[in-house]
Amino acid sequence: MKISTIRELLGATVVTGEDKLGEHVYAACGSDMMSDVLAFVKDQAVLLTGLVNTQVVRTAEMMDMRCVVFVRDKQPTPDIVRLARESGIVVLATGRRMYEACGILYSSGLVGNKVKEPAV
Amino acid sequence: MSEGLSFHFDVDGDSFTSAGQASVQVKKDLRRLGVDPEIIRRVSIAMYEGEINMVIHAHGGHAEVRVTEQAVEIILEDRGPGIADIEQAMQAGFSTAPDAIRSLGFGAGMGLPNMKRYTDHMDIQSTVGVGTRITMRVDLPQ
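Quick note, the sequences are listed as chains A and B, same order. Quick note on numbering: the first sequence equals residues 1 to 120 in my numbering. Quick note on numbering: the second sequence equals residues 1 to 142 in my numbering.
Bear in mind the hints are in silico, worked out from the structure with no lab data behind them. It is possible that part of the hints are untrue.
What the hints assert, rightly or not - On the chain A side, residues computed to face chain B include the following (Cβ under 8 Å):
#, residue
1, 16
2, 19
3, 36
4, 38
5, 39
6, 54
7, 58
8, 62
9, 64
Said to hold, decoys possible - Taking CB as the label site, the calculated pair distances span:
#, chain 1, residue 1, chain 2, residue 2, range
10, A, 86, B, 8, 21 to 27 Å
11, A, 85, B, 141, 38 to 44 Å
12, B, 127, A, 22, 52 to 58 Å
13, A, 4, B, 64, 19 to 25 Å
14, B, 31, A, 78, 24 to 30 Å
Unchecked claim - EDC-like cross-link-like pairs, simulated, lysine to aspartate or glutamate; straight-line CA separation at most 16 Å:
#, chain 1, residue 1, chain 2, residue 2
15, B, 116, A, 36
16, A, 20, A, 86
17, A, 2, A, 18
18, B, 28, B, 38
19, B, 28, A, 86
20, B, 116, B, 139
21, B, 28, A, 23
22, A, 20, A, 64
23, A, 2, A, 23
Note that CB positions come from ideal geometry on N, CA and C, so glycine has one too.
Work out the full structure: start from the sequences and follow the hints.
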């Protein structure tokens, strides 16, 4: 799913990464607990979260994620935006609640179950 | 790369905001060395969890990353409170982190299990009141 489609489906605003809206994501993860996010590697994923701090972007960066969506009208702080810009991660903000936002993306085909266990 | 490369980092224990900087740098360094992206992801996630742990529990510490032709080795050392029961600490969901840390998105008791999950070898040496030394290794494809 294109990031621009995610933006349309969620009625989200683009906080940073306007130039990367044409990129694709293939999986999704919705959580406020970053260690739960870090537990499963997904390829080119989008992270939906209601947590607002810089570690959200760091977590996304470690996972090679493409996009972070802040739900429930949470507004990312300037240091979050700066870090995301440096890391090349698109940041969206939506008024949708987590459950709604995940449901909308899931029912639109972004099932997010391409969980790939690391080859250990 | 035959003789191996080594990177050293000091992890600042006072700033939750800056936690993860060493892992970001390691990710860049490994990318520059041309290491496989999947390996880089495993190394950086394991190190990031370790770094977060050092900030939450131990007021920071030191990290060393060694790269050889065979593997990437991460050594994390702190002078924190130590781990009383390592077996218990390794259980997913067990955590001694305060609520304040949970509200920041960590402290779910997944850090050490994630570190083990993403590495090929992990060893924890810890003494209560002295500190903790964790060695992790991710093997490179031969």
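| said: Name the hints, by number, that the structure is in violation of. | reply: Structure breaks hints 1, 2, 11, 13 and 21.
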